[in-house]
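Visitor: Given chain R's structure and the hints, the job is docking chain B onto it.
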Amino acid sequence: GAVVSQHPSRVICKSGTSVKIECRSLDFQATTMFWYRQFPKKSLMLMATSNEGSKATYEQGVEKDKFLINHASLTLSTLTVTSAHPEDSSFYICSARDWKTSGIQGEQYFGPGTRLTVT
Amino acid sequence: LAKTTQPISMDSYEGQEVNITCSHNNIATNDYITWYQQFPSQGPRFIIQGYKTKVTNEVASLFIPADRKSSTLSLPRVSLSDTAVYYCLVGDMEDFGNEKLTFGTGTRLTIIP
Numbered sequence: 026g027a028v029v030s031q032h033p034s035r036v037i038c039k040s041g042t043s044v045k046i047e048c049r050s051l052d053f054q055a056t057t058m059f060w061y062r063q064f065p066k067k068s069l070m071l072m073a074t075s076n077e078g079s080k081a082t083y084e085q086g087v088e089k090d091k092f093l094i095n096h097a098s099l100t101l102s103t104l105t106v107t108s109a110h111p112e113d114s115s116f117y118i119c120s121a122r123d124w125k126t127s128g129i130q131g132e133q134y135f136g137p138g139t140r141l142t143v144t
Numbered sequence: 711l712a713k714t715t716q717p718i719s720m721d722s723y724e725g726q727e728v729n730i731t732c733s734h735n736n737i738a739t740n741d742y743i744t745w746y747q748q749f750p751s752q753g754p755r756f757i758i759q760g761y762k763t764k765v766t767n768e769v770a771s772l773f774i775p776a777d778r779k780s781s782t783l784s785l786p787r788v789s790l791s792d793t794a795v796y797y798c799l800v801g802d803m804e805d806f807g808n809e810k811l812t813f814g815t816g817t818r819l820t821i822i823p
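These protein sequences, in sequence, are chains R and B.
Convert by adding 25 to the 1-based position in the first sequence; the result is the number in this note's numbering.
Convert by adding 710 to the 1-based position in the second sequence; the result is the number in this note's numbering.
Do not rely on the hints blindly, as some may be mistaken.
Result set (DSS-like, lysine-lysine): computed pairs, CA atoms no more than 30 Å apart in a straight line [claimed, not checked]: (1) R:66 to R:91; (2) R:89 to B:713; (3) B:810 to R:91; (4) B:713 to R:67; (5) B:779 to R:66.
No lab work stands behind these hints, which were simulated from the structure alone.
Note that the structure is predicted; figures quoted are calculated from it, not measured.
For reference, chain R alone in the conformation it holds in the complex (with noise of 0.2 Å):
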């Protein structure tokens, strides 16, 4: 099946400063990636949509001056949390499908997740 991954897996930084995430889809393009939160023992909520070539889609309730999403190309997605504080601090997982070669209506392929600790 399709590949996507994510770099770093794990990351600890400082309150007050930014980090950045990449998604990428290793033999597709997506023209479409979503980001996902997921603190521990919950469930992953939906943070955005990243469209390529266009603004991010965001859900209600997330921060888009937060949470910046650039999806420049077809197979790379980045989410930078923007003056991190220890409650950003969680499991970060993007996803993406593959519609040329999926035949199973709507599956995505996930990411690795990559761990966020803001100290």
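Guide: Chain B only, in chain R's frame:
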């Protein structure tokens, strides 16, 4: 997207068959039922999808009654490596503009040796 309800947690012994049921009373005509598996500190992984009756693949079976208001994921002869959270999702995910997935609480399955 239809709301789903699953048990929060389940325990089972190795070698047994495990059935996890998901309720989705408001499922729409165009909605499919999809199950994902998530191991700790990993992204979810697609398990199986169905529309009606029964679907089987190499890892699981999915049973969907005629009214489609519920579905049951069946894992045959579970092993310790099946310990994970299992999510049931329902929606018409074929539309290009409606790809986003909404995850419910999921079922935390623990396999006991």
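Visitor: Hints first: check each against the structure and report whether it holds.
Guide: Hints versus structure:
no.: 1; hint: R:66 to R:91; in the structure: holds, 24 Å
no.: 2; hint: R:89 to B:713; in the structure: holds, 26 Å
no.: 3; hint: B:810 to R:91; in the structure: holds, 21 Å
no.: 4; hint: B:713 to R:67; in the structure: holds, 17 Å
no.: 5; hint: B:779 to R:66; in the structure: holds, 27 Å
The structure shown violates none of the earlier numbered hints.
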